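There are 2 protein chains.
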Amino acid sequence: MKILILSADDFEDMELFVPYYRFKEEGFDVDVAAKKRQKIEGKHDYEIEANHAFDDINPEQYDMLFLPGGKAPAKVRKEDAALQIVRHFMDKNKPIVTICHGPQIMISAGVVQGRHMTCWPEVSKELKEAGAVYEDQEVVVDGNIVSSRMPSDLPFFLREVMKKAKVAV
Amino acid sequence: MKILILSADDFEDMELFVPYYRFKEEGFDVDVAAKKRQKIEGKHDYEIEANHAFDDINPEQYDMLFLPGGKAPAKVRKEDAALQIVRHFMDKNKPIVTICHGPQIMISAGVVQGRHMTCWPEVSKELKEAGAVYEDQEVVVDGNIVSSRMPSDLPFFLREVMKKAKVAV
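So the protein sequences, as listed, match chains A and B. Here the first sequence is numbered in this note's numbering, starting from -16 and rising by one per residue. Here the second sequence is numbered in this note's numbering, starting from -16 and rising by one per residue.
No wet-lab data here; the hints were simulated from the structure. The structure displayed is predicted, hence computed values, not measured ones. The reader is advised that the hints may include incorrect statements.
Which copy is meant is left open, because identical chains are indistinguishable; a pair holds if it fits in one copy or across any two.
To be verified - In silico BS3-like cross-links for lysine-lysine, where the CA-CA straight-line distance does not exceed 25 Å:
| # | residue 1 | residue 2 |
| --- | --- | --- |
| 1 | K149 | K22 |
| 2 | K149 | K18 |
| 3 | K147 | K77 |
| 4 | K7 | K147 |
| 5 | K111 | K19 |
| 6 | K111 | K75 |
| 7 | K61 | K26 |
| 8 | K26 | K7 |
| 9 | K108 | K54 |
| 10 | K7 | K149 |
| 11 | K146 | K7 |
| 12 | K54 | K19 |
Using the sequences and the hints given, assemble the complete structure.
Structure (structure tokens):
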């Protein structure tokens, strides 16, 4: 199982690191990609090395895509290379798991039409306008998409994410 | 499986929350105790409600004790009620899992003599002086005690903690 995380500075620290450590606990390979290959810093000052740039990613090599939240997705959504990665996962029906503001990236990639999803409350208007069926739940699973709202949803999110990961191996 | 966390203000946020969410993912009951029943805040500004005071805890009700790190253990170790809880777990041979500065609480409880353990590097001198056999490893398991050094050890720590949790249920 090889997992790709797309993020940027000002990620929500728990939303990135709690799944990151969970994947590592399970023995999965995890890569973090950002606009450039560099250290990125969360809203709460935790740092992680983005060991790849979006441009250098071959999405064929990954089994699951994880889009954490915070203010990072507002930056990631502006990057065509990142949106191409999202579209690859949708085209191949591989799992995309996302929380909080992460769905903004999927909105910009144009892949949420008709899909049941949740997100950070303030993103819900935009998600609905893009054609998704918004649900205010701890976690929503619709086919290859798993979505949650906020850090306190992480246990619910990870239960469903781990099910997808174990099927997708 | 019922787990008790002992902490205080200035806990290391990832060290408390990553295991906390992991336990919740697994469906375990988790209580957080502090000197007083109140909200406590981590070094990185995450907050959690301590839903019990040390004085109100009946340790018989818990299967595992978790002592996260940061600057909180320096406060917790001064509280007799907290040290009595630690001694209960040692007397009953129930799992105590700890990371970073957490072992300081076990040192003050007088329970580390002859035990193989690890901790935050700067705590190692004190740990050795208290009679423990210090090992610089991601995770050290010695009977009922599981210990780790720092946030980046969390995946290794949780692998061993989850084994103890599943046996202890």
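Structure-based check of each hint:
In this assembly of identical chains, K149 and K22 lie within 25 Å of each other by CA distance neither inside one copy nor across copies; the values are 29 Å within and 37 Å between. Taking CA atoms no more than 25 Å apart as the test, K149 paired with K18 passes in neither setting, with 29 Å inside one copy and 41 Å between copies. For the identical chains of this complex, K147 and K77 are intra-copy neighbours only, at 9 Å inside a copy versus 34 Å across copies, given an alpha-carbon limit of 25 Å. Taking CA atoms no more than 25 Å apart as the test, K7 paired with K147 passes in both settings, with 16 Å inside one copy and 19 Å between copies.
In the homo-oligomer, the alpha carbons of K111 and K19 never lie at most 25 Å apart, since the shortest distance is 31 Å inside one protomer and 44 Å across protomers. In the homo-oligomer, the alpha carbons of K111 and K75 lie at most 25 Å apart inside one protomer (24 Å), although the nearest pairing across protomers, at 54 Å, exceeds that limit. Within a single copy, K61 and K26 get their C-alpha atoms as close as 19 Å, which meets the 25 Å cut-off; across copies the closest is 32 Å, which misses it. Taking CA atoms no more than 25 Å apart as the test, K26 paired with K7 passes in both settings, with 22 Å inside one copy and 24 Å between copies.
In this assembly of identical chains, the alpha carbons of K108 and K54 lie at most 25 Å apart only when taken from the same copy (17 Å versus 41 Å across copies). In the homo-oligomer, the alpha carbons of K7 and K149 lie at most 25 Å apart both inside one protomer (14 Å) and across protomers (19 Å), since each shortest distance falls under that limit. With identical chains, the CA atoms of K146 and K7 are at most 25 Å apart both within one copy (15 Å) and between copies (16 Å). In this assembly of identical chains, the alpha carbons of K54 and K19 lie at most 25 Å apart only when taken from the same copy (17 Å versus 34 Å across copies).
The structure fails hints 1, 2, 5 (numbered hints given earlier, in ascending order).
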